[in-house]
Structure formats: C-alpha cells, structure tokens
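**Q** Residues per chain, in single letters:
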Amino acid sequence: MNYFPDEVIEHIFDFIASHKDRNSISLVSKSWHKIERCSRKRVFIGNCYAINPERLIERFPSLRSLTLKGKPHFADFNLVPHEWGGFVHPWIVALAKARVGLEELRLKRMVVSDESLELLSRSFASFKSLVLVSCEGFTTDGLASVAANCRHLCELDLQENEIEDHRGQWLNCFPESSTALTSLNFSCLKGETNLAALERLVARSPNLESLKVNRAVPLDALTRLLSCAPQLVDLGVGSYENEPDQESFVKLMDAIKKCTSLRSLSGFSEVAPLCLTAFYPICQNLTSLNLSYAAEIQGNHLIRFIQFCKRLQRLWILDSIGDKGLEVVASTCKELQELRVFPSDLHDEEDNDTAVTEIGLVAISAGCPKLHSILYFCKQMTNAALITVAKNCPNFIRFRLCILEPNKPDHTTSQSLDEGFGAIVQACKGLRRLSVSGLLTDKVFLYIGMYAEQLEMLSIAFAGDTDKGMLYVLNGCKKMRKLEIRDSPFGNAALLADVDKYRTMRSLWMSSCEVTLGGCKRLARNAPWLNVEIINENENNDLMMERNEEDEREKVDRLYLYRTVVGARKDAPPCVTIL
Amino acid sequence: MSGFRDVCSSSGSVNVMIGVSPAEEGDGNAAAAISSEDSSSPDETVAGTELDLALGLSVGRNHSKVRSFSSSLASSSSSSSLTRESGTKRSADSSAAASKGNVAVGWPPLRTYRINSLVNQSKSSPAEDDIQKDTTKNGVKNNDASFVKSPMLVKVTMDGVIIGRKIDLNALDSYEALAKTLEQMFFHTPVTARCKETRRGSELLDGSSEYIITYQDKDGDWMLVGDVPWLMFLGSVKRLRIMRRSGETGVGK
Numbered sequence: 001m002n003y004f005p006d007e008v009i010e011h012i013f014d015f016i017a018s019h020k021d022r023n024s025i026s027l028v029s030k031s032w033h034k035i036e037r038c039s040r041k042r043v044f045i046g047n048c049y050a051i052n053p054e055r056l057i058e059r060f061p062s063l064r065s066l067t068l069k070g071k072p073h074f075a076d077f078n079l080v081p082h083e084w085g086g087f088v089h090p091w092i093v094a095l096a097k098a099r100v101g102l103e104e105l106r107l108k109r110m111v112v113s114d115e116s117l118e119l120l121s122r123s124f125a126s127f128k129s130l131v132l133v134s135c136e137g138f139t140t141d142g143l144a145s146v147a148a149n150c151r152h153l154c155e156l157d158l159q160e161n162e163i164e165d166h167r168g169q170w171l172n173c174f175p176e177s178s179t180a181l182t183s184l185n186f187s188c189l190k191g192e193t194n195l196a197a198l199e200r201l202v203a204r205s206p207n208l209e210s211l212k213v214n215r216a217v218p219l220d221a222l223t224r225l226l227s228c229a230p231q232l233v234d235l236g237v238g239s240y241e242n243e244p245d246q247e248s249f250v251k252l253m254d255a256i257k258k259c260t261s262l263r264s265l266s267g268f269s270e271v272a273p274l275c276l277t278a279f280y281p282i283c284q285n286l287t288s289l290n291l292s293y294a295a296e297i298q299g300n301h302l303i304r305f306i307q308f309c310k311r312l313q314r315l316w317i318l319d320s321i322g323d324k325g326l327e328v329v330a331s332t333c334k335e336l337q338e339l340r341v342f343p344s345d346l347h348d349e350e351d352n353d354t355a356v357t358e359i360g361l362v363a364i365s366a367g368c369p370k371l372h373s374i375l376y377f378c379k380q381m382t383n384a385a386l387i388t389v390a391k392n393c394p395n396f397i398r399f400r401l402c403i404l405e406p407n408k409p410d411h412t413t414s415q416s417l418d419e420g421f422g423a424i425v426q427a428c429k430g431l432r433r434l435s436v437s438g439l440l441t442d443k444v445f446l447y448i449g450m451y452a453e454q455l456e457m458l459s460i461a462f463a464g465d466t467d468k469g470m471l472y473v474l475n476g477c478k479k480m481r482k483l484e485i486r487d488s489p490f491g492n493a494a495l496l497a498d499v500d501k502y503r504t505m506r507s508l509w510m511s512s513c514e515v516t517l518g519g520c521k522r523l524a525r526n527a528p529w530l531n532v533e534i535i536n537e538n539e540n541n542d543l544m545m546e547r548n549e550e551d552e553r554e555k556v557d558r559l560y561l562y563r564t565v566v567g568a569r570k571d572a573p574p575c576v577t578i579l
Numbered sequence: 001m002s003g004f005r006d007v008c009s010s011s012g013s014v015n016v017m018i019g020v021s022p023a024e025e026g027d028g029n030a031a032a033a034i035s036s037e038d039s040s041s042p043d044e045t046v047a048g049t050e051l052d053l054a055l056g057l058s059v060g061r062n063h064s065k066v067r068s069f070s071s072s073l074a075s076s077s078s079s080s081s082l083t084r085e086s087g088t089k090r091s092a093d094s095s096a097a098a099s100k101g102n103v104a105v106g107w108p109p110l111r112t113y114r115i116n117s118l119v120n121q122s123k124s125s126p127a128e129d130d131i132q133k134d135t136t137k138n139g140v141k142n143n144d145a146s147f148v149k150s151p152m153l154v155k156v157t158m159d160g161v162i163i164g165r166k167i168d169l170n171a172l173d174s175y176e177a178l179a180k181t182l183e184q185m186f187f188h189t190p191v192t193a194r195c196k197e198t199r200r201g202s203e204l205l206d207g208s209s210e211y212i213i214t215y216q217d218k219d220g221d222w223m224l225v226g227d228v229p230w231l232m233f234l235g236s237v238k239r240l241r242i243m244r245r246s247g248e249t250g251v252g253k
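Each protein sequence line maps, in turn, to chains X and P. Using the UniProt record's numbering, the letters of the first sequence map in sequence onto residues 1 to 579. Using the UniProt record's numbering, the letters of the second sequence map in sequence onto residues 1 to 253.
Hints are computed from structural coordinates only; laboratory data are not their basis. Being a predicted model, the structure only gives us computed values, none of them experimental. Be a bit skeptical, because a hint or two may be false.
As the list claims (entries may be wrong) - Pairwise CB distance ranges, derived in the manner of DEER restraints:
(1) X/Arg-481 to P/Leu-231: 51 to 59 Å
(2) X/Pro-273 to P/Pro-229: 29 to 37 Å
(3) X/Lys-334 to P/Pro-229: 52 to 60 Å
(4) P/Leu-231 to X/Asp-571: 45 to 53 Å
(5) P/Gln-184 to X/Ala-384: 53 to 61 Å
(6) X/Asn-300 to P/Ala-171: 19 to 27 Å
(7) X/Asn-194 to P/Ser-208: 51 to 59 Å
(8) X/Glu-115 to P/Leu-231: 41 to 49 Å
(9) X/Gln-169 to P/Gln-184: 45 to 53 Å
(10) P/Pro-229 to X/Asn-172: 35 to 43 Å
(11) X/Glu-335 to P/Gln-184: 44 to 52 Å
(12) X/His-411 to P/Asp-168: 34 to 42 Å
To be verified - A short list of chain X residues far from chain P (calculated; beta carbon distances all over 12 Å):
(13) Ser-29
(14) Gly-46
(15) Ala-180
(16) Gly-299
(17) Arg-400
Even glycine gets a Cβ: it sits at the ideal position worked out from N, Cα and C.
Please model the complete structure; the sequences and the hints are all you need to start from.
**A** Here you go:
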C-alpha cells in the first residue's frame with residue numbers, strides 16, 4: 001500500500017464507513033493515521049466529556065458530521081440532575097471558530113440553548129442536518145433561527161426533546177426558497193402548529209420523505225398534507241381522539257391510498273380506532289410501525305391492524321396487545337427483526353389478562369426467525385420461557401427484559417431467574433446489549449461473565465448478592481463498554497479490583513449501591529485518566545458536606561465514572577463532585 | 001436513600017407497587033395482580049387489607065410520580081416516606097428527592113416523555129392546566145355547538161369489585177345522573193337485584209350510603225364527587241372510584 005499515492009489510499013478509505021474500522025485503520029502506521037484523519041468526515045463521540053472540541057478539530061480538520069452524546073443513559077429515568085451538564089455550546093463555538101465545514105450535527109441527551117442554535121445556524125453555510133434526541137434547554141425560537149438561516153437544510157429531526165414551545169411561527173421561518181427538505185420531525189412539540197405554514201412547506205418540498213407532525217395537527221390537515229406529499233416514506237401522525245365523520249374518513253383514506261411508498265408509521269398518541277382503520281390500504285407495505293403511544297387503543301383493534309402488516313420488520317407496541325396479540329404478531333410478521341413492548345398501565349388497574357407475559361415472548365421467539373432486538377416490559381417471567389426463547393432465537397443482538405416488579409422470581413417455581421438469563425447469554429453468541437431484571441443472584445453474573453463475549457452494554461437493577469457478581473462481569477466481559485447498575489449490593493471491592501478495566505470502557509454508572517466515598521476517592525487517586533463523579537442531589541447536601549466531608553464510609557448515592565483525555569470538566573454544577 | 005430492598009423489608013406492606021403509588025389501586029384485584037406468589041383467590045384479598053394500605057398512604061396526597069409538563073409537585077402529606085418520587089425532568093431537583101411516595105426513583109425505566117403520554121390522556125390542550133380554556137373534554141367545544149359529542153370514557157372501580165367498568169361522562173349531564181348510572185352498574189347486579197334496595201344508589205350522593213364516590217383529578221389527587229360544578233368536574237376528572245365509607249380518610253377537599 002505504501003507505493004500508492006496518498007490520494008489513492010484516501011480513495012480506498014472512503015469506502016470504509018464504520019467508526020470502528022476507521023479507528024483501526026488509523027492505528028496501522030503514521031502515514032495511514034495522517035491520511036485517515038485528514039480525510040475523515042464523520043466522527044462519533046460517545047461521551048462529550050471524553051475529549052474537547054479543540055482536540056477534535058485538530059485531529060479531524062475535514063469534519064463534516066459530528067455525533068455527540070451527553071448525559072448518561074439513566075438520565076432518561078430522572079436519575080441525573082437537570083444541571084448535570086452536557087452542554088453543546090462550547091462545541092459549536094469551537095467548530096465555528098475553526099471554520100469547520102459542518103454539515104450534520106446529531107446530539108443525544110445534551111443541553112442545547114437557543115443561543116447555540118442561532119450560532120449554529122449562522123456559522124455553517126453548508127449545514128444540512130440537525131438531529132436532536134432527548135435534548136433540552138431550547139425553545140421554538142431556536143428552531144426558528146435554524147429554519148431561517150440554514151439555506152440548505154434537509155433534515156430537522158426532533159425526537160423526544162423537552163422544547164419550550166413559544167407558539168411562535170417557526171415554521172414560517174423556512175424561506176420560500178427552501179425546497180430541499182427531506183426529513184421533518186417535530187412530533188415532540190407541545191404547542192399549536194401553524195397549519196398553513198406547514199402545508200406550504202410540505203407542498204414545496206418534493207423530496208420530503210419523512211414527516212412527523214405533532215399532536216396539534218388535526219385530521220383534515222393531515223389529509224391535505226398527505227395529498228401534497230404522496231411520496232412520503234415515513235409518517236408520524238398527530239393525535240386523533242375523535243372518530244372522524246364519514247366524509248373526513250373517506251378523504252383521509254383516499255389520500256393514504258396514494259401514499260404507495262409509505263413504509264413507516266408512528267405517532268398516534270390518542271387515536272380513535274377508526275382513524276387507525278384509515279391506514280388499512282397501505283398496511284401490507286409497512287416495515288416499521290410504532291403504536292406505543294396509542295394508549296387508548298384496545299388490543300383487538302391493534303390485532304386487527306397488525307394482521308395485515310405482513311412485512312413488518314420493526315414493531316413498537318403497548319402491552320395492551322396481550323399475549324394473544326403477540327401470538328398474532330408471531331404468525332403474521334415473519335420478517336420481524338425488532339420488537340418493543342411497553343407497559344400501558346403503570347397503575348395496574350387492569351385485569352391481568354390484558355398485559356403480556358412469558359407466553360407472548362415465547363410465541364414471538366418461535367414465530368419470528370429474524371428477530372434480533374427486543375425490549376419487553378412484563379409483569380412476570382419464568383426460567384422455562386427464557387430457556388425456550390434462547391433456543392428459538394440464538395441471534396439476539398439486543399435483549400432487554402424489564403419485569404416491572406423488582407426482585408420478582410420465576411412465578412411458577414419461585415426461584416431466581418439466573419438460569420433463564422444464563423440460557424440467553426449462552427445461546428446468543430452475538431449478544432451486544434443486555435438488560436436483566438427480576439430476582440437475580442450472583443450466579444447470573446457468573447453466566448454473563450462466562451458466556452457474553454460480545455457484550456458491550458449491560459444494565460442491572462435490583463440484582464446480585466455480593467461483590468462477586470460485579471466482578472464476574474468486569475473480569476469476564478472483554479468487550480464491555482457501558483455498565484450501568486442501580487440498587488444492587490456491589491461495593492468498593494468490586495469497584496477497585498481492576499482499575500485498568502475502565503480504560504477499555506466508556507463509562508460506569510452505579511447508583512444506590514454499596515460503594516463509599518472512600519472507595520471512590522481511592523479509585524480517583526489510582527486512575528487519573530478517569531473522571532470520577534459523585535452526584536448528590538439532595539436537600540441534605542449541604543448538611544452532608546458539613547457533617548461528613550471526610551467520612552469515607554459514607555455511601556455514595558450516585559457514581560458516574562468515565563475515561564477521558566482532557567481531565568476534570570469545568571462545567572460541573574454544585575451537586576456534582578469530581579474527585 | 002436505601003436501595004429498594006430495604007424498602008421492601010421495612011415497609012411491611014402487603015404489596016409494594018413499583019412505579020405506582022397505592023393510591024391508585026384501592027381494590028383487591030390489583031393486589032392479586034401483583035402478588036403472584038399470593039395464592040389466595042382475588043375474592044379473599046379484596047377483604048380489606050389493600051384498602052387500609054391504600055387509604056392510609058394515599059388519598060388526597062400528592063402521589064403522582066409523573067406530572068404533566070406544567071404542573072408542579074405539591075408537598076406531600078403522606079406518612080410513608082419509603083423512597084423518593086421521581087418527578088418529570090423539569091422537577092428533578094430537590095423537590096423530587098424530598099417528596100414522599102411509594103415509588104423507586106426512575107423505575108420502571110421509561111422515559112418521562114413516554115410516561116407522560118400514558119398518564120396524560122387528558123383531551124385538553126397539551127401544555128396547559130388552564131381551566132378556563134378547558135372546561136370540557138373530548139369533543140365538546142365551548143364555541144362550537146355543532147361539534148358532535150364523542151364519548152368521554154372514564155374508568156370506574158369499586159372497592160370489593162374485581163372488574164372495573166367504564167362510563168361515558170358525556171352522556172350524562174349532572175351528578176344525579178352519574179350516581180344513578182353508577183348505582184345501576186354496581187348495585188343492581190343479578191346478585192343484589194333481589195334485595196330491592198333501589199333507593200341505595202341515590203344515597204351515594206347524599207351521604208347515607210355505605211359508599212361514596214370519589215374521583216381522581218388531573219393533578220392526581222382524589223376528591224369527593226359533587227363539590228365543583230359539573231362542567232368543571234368534567235374538565236378535570238380522570239377516573240372514578242366508589243369507596244367504602246369506613247375507609248375514608250383524608251379525601252382531598
């Protein structure tokens with residue numbers, strides 16, 4: 001290869017897209033490192049505090065697309081204080097200053113401000129794509145700047161963000177000349193939408209493939225939108241709790257019939273059964289269906305709909321579909337690859353018959369040979385079922401089981417679920433992500449350490465007996481990157497056993513475990529390349545600091561540690577102590 | 001801030017609902033649903049344990065672990081402070097940690113966004129608790145008389161009855177009508193039809209029955225039915241519960 005001119009090598013590298021592969025290439029030789037880094041367009045940073053923007057830009061001057069992740073995963077479940085961090089602003093400032101030709105920015109769990117969005121919109125002339133997932137801190141004013149200033153914007157994708165809705169006219173801010181939109185998702189906006197502006201925008205965007213509207217877009221508006229965008233591939237509808245009258249229904253159905261390219265359907269927060277029926281004409285084309293927000297739809301309507309969806313590859317649904325419904329899925333959706341079943345009734349007032357159990361899970365595993373990813377919330381599980389599932393589906397890459405009641409044993413034998421999960425990790429040799437639940441002893445971790453060779457992410461809650469459990473995992477899972485543990489009896493011995501292990505991991509989260517301040521301090525001393533963060537979000541915080549600042553035996557409420565090349569961050573709030 | 005295990009052992013409660021405060025489930029069927037190890041039949045568990053548990057802990061207090069975007073966490077008056085409540089992202093400061101509830105923070109592991117979509121099935125405008133804007137639900141608009149009323153279904157449970165029902169509040173126009181309907185649903189079953197206590201239903205409202213009607217409002221509090229104007233009631237009711245009078249403690253004013 002050394003006899004080829006650099007341009008040729010660079011051209012060859014262009015074919016290598018995956019981050020992992022590109023990282024590997026850069027390690028081969030100095031010249032390859034240089035060629036690779038100068039030609040690298042897309043960079044993924046899993047933890048925004050592992051590196052700083054200046055070093056990023058220095059290494060990858062040709063950067064076009066940046067993906068950044070901020071808060072740890074458990075922030076999704078309110079375990080991380082608001083003000084913890086993950087601010088994107090310094091990144092945008094640095095990128096702007098260095099005149100990077102940024103075209104795409106994808107952020108997850110970060111804090112974004114209107115100021116950041118404004119700066120973004122003015123600094124990058126070729127900016128095309130903004131994807132924000134689970135972010136917060138901005139308002140529709142920020143969106144307005146992006147709409148107004150990013151002349152070449154193709155994609156604006158807002159997923160489950162907390163956006164303060166000023167009910168302004170942000171949709172109006174797209175200039176009339178803007179016709180390049182391919183993807184627009186504002187489903188998480190809570191306020192009213194300027195329907196006229198939306199319709200005009202959609203009408204002048206012939207390349208629009210993905211449109212996800214928010215709750216405030218009524219049925220007749222949806223009909224008009226579909227009529228001007230029959231080319232849509234991906235549609236997110238709004239909220240329709242009222243049954244449409246005959247005429248509206250017919251119009252809607254007619255419009256839908258013309259959308260022959262439609263493959264993916266979502267939204268439906270509150271949807272009357274009849275509205276769902278309007279989509280029957282295109283059911284059989286669907287490859288992706290998300291009805292997981294449609295809490296009021298009863299199981300039988302869901303089943304009737306899904307019966308036609310023979311090509312489904314991805315299904316997100318509520319447990320109101322029941323075991324019977326899952327059996328229908330199993331016999332209908334032979335192409336199914338990913339299934340997520342969410343709980344529909346957290347208050348548990350419904351008859352148990354309507355929820356899903358181990359029976360549904362087994363049915364799916366038996367009926368869907370291509371299944372590789374599952375997220376399953378249920379009230380009960382058995383080892384026998386898990387063992388059967390493992391036999392049926394050895395191809396799982398992601399297996400996340402959440403039994404709603406912590407510590408719940410196998411409901412037929414009252415034993416722990418160690419054997420069941422053990423069977424899963426043993427059979428699924430390619431397993432990369434696992435979440436365990438129910439009654440679990442150290443044994444399950446012995447199995448995980450022994451068999452889960454490809455495991456990269458493990459989520460543990462209310463499980464294990466002693467430090468041994470965590471040690472099995474740390475010692476056994478060579479590819480572990482993210483380990484998150486809550487309410488489990490693991491302490492300092494496990495935390496400190498192999499400090500170098502954390503070099504190979506992105507992060508470790510431990511909350512309501514047995515680690516103490518002393519243990520964390522010792523870890524921080526032995527591993528200066530780690531940021532060891534203690535989070536104490538408590539009204540008693542001040543008291544605690546006074547009382548036992550130096551009490552090393554004090555248990556740490558929340559610990560989050562991660563490797564970094566740039567040392568302790570400077571933007572930590574008072575409730576976070578970096579040791 | 002003990003782990004959940006400590007909570008389990010110290011509470012001594014019959015069932016500790018995760019992700020739920022006992023306020024929501026006053027009748028036995030919920031207990032039967034959760035405690036699968038419990039071999040007694042639903043009828044037996046109905047007897048009264050869960051009522052005491054629920055009522056002692058719940059009625060009237062702030063239990064709702066998940067709030068809509070706009071509402072705030074009121075301070076709780078609950079006596080049981082087992083674990084912290086999880087609030088929405090917005091209120092994940094000390095108030096969340098300090099307020100009491102029977103819920104492990106952040107369990108079950110669902111994004112706030114998703115939990116809100118389940119809890120917030122209110123037909124009112126998504127971001128506001130403004131009662132002026134929204135005194136009616138689901139189809140009846142103040143300024144549009146031609147708009148068709150579609151059913152406003154709310155769940156009704158009764159202490160001692162396993163199966164809950166749903167009723168259409170939009171089909172009713174007053175508390176009297178509500179009481180009569182409930183009476184027909186719950187008191188005129190084949191079993192009780194023989195005892196011609198036809199007057200019992202109307203007693204639901206006037207205080208002479210053994211039962212009272214309560215409802216859960218938008219904020220998650222349980223209130224006695226009949227105090228506010230009917231339309232206002234329609235605007236805030238989420239579900240109904242017919243409670244045995246003997247258990248009534250601290251129903252919100």
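**Q** For each hint, tell me whether it holds in the structure or not.
**A** The hints, checked one at a time:
Distance hint check for X/Arg-481 and P/Leu-231: the Cβ-Cβ separation is about 56 Å, which falls inside the suggested range of 51 to 59 Å. Between X/Pro-273 and P/Pro-229 the beta carbon distance is about 32 Å. The supplied range of 29 to 37 Å therefore holds. Judged by the Cβ atoms, the range 52 to 60 Å given for X/Lys-334 and P/Pro-229 holds: they are separated by roughly 56 Å. The supplied range of 45 to 53 Å is met by P/Leu-231 and X/Asp-571, whose beta-carbon atoms lie about 50 Å from each other.
Separation of P/Gln-184 from X/Ala-384 is about 45 Å and departs from the stated range, judged on CB atoms against 53 to 61 Å. Checked against the hint of 19 to 27 Å, the C-beta distance between X/Asn-300 and P/Ala-171 comes to roughly 23 Å, which is consistent with it. A beta carbon spacing of about 55 Å between X/Asn-194 and P/Ser-208 agrees with the range 51 to 59 Å that was offered as a hint. Evaluation of the 41 to 49 Å hint for X/Glu-115 and P/Leu-231 yields a pass: the beta carbon distance comes to about 44 Å.
X/Gln-169 and P/Gln-184 have their C-beta atoms about 51 Å apart, which keeps the hinted 45 to 53 Å range intact. Judged by the Cβ atoms, the range 35 to 43 Å given for P/Pro-229 and X/Asn-172 holds: they are separated by roughly 40 Å. In this structure the hint that X/Glu-335 and P/Gln-184 lie 44 to 52 Å apart at CB holds, the actual value being about 49 Å. For the hinted restraint 34 to 42 Å between X/His-411 and P/Asp-168, the CB-CB distance of approximately 36 Å keeps it satisfied.
A cut-off of 12 Å between C-beta atoms confirms that X/Ser-29 is not in contact with chain P; the least separation is 44 Å. The Cβ of X/Gly-46 sits about 19 Å from the closest Cβ of chain P, beyond the 12 Å cut-off, so the non-interface label holds. No beta-carbon of chain P comes within 12 Å of the beta-carbon of X/Ala-180; the shortest separation is about 29 Å. Remark: the non-interface label on X/Gly-299 is consistent with the geometry, its nearest Cβ contact in chain P lying 15 Å away (cut-off 12 Å).
Separation of X/Arg-400 from chain P is inadequate, the least Cβ-Cβ distance of about 9 Å not exceeding the 12 Å criterion.
In terms of the numbered hints stated before, the structure departs from hints 5, 17, listed from lowest to highest.
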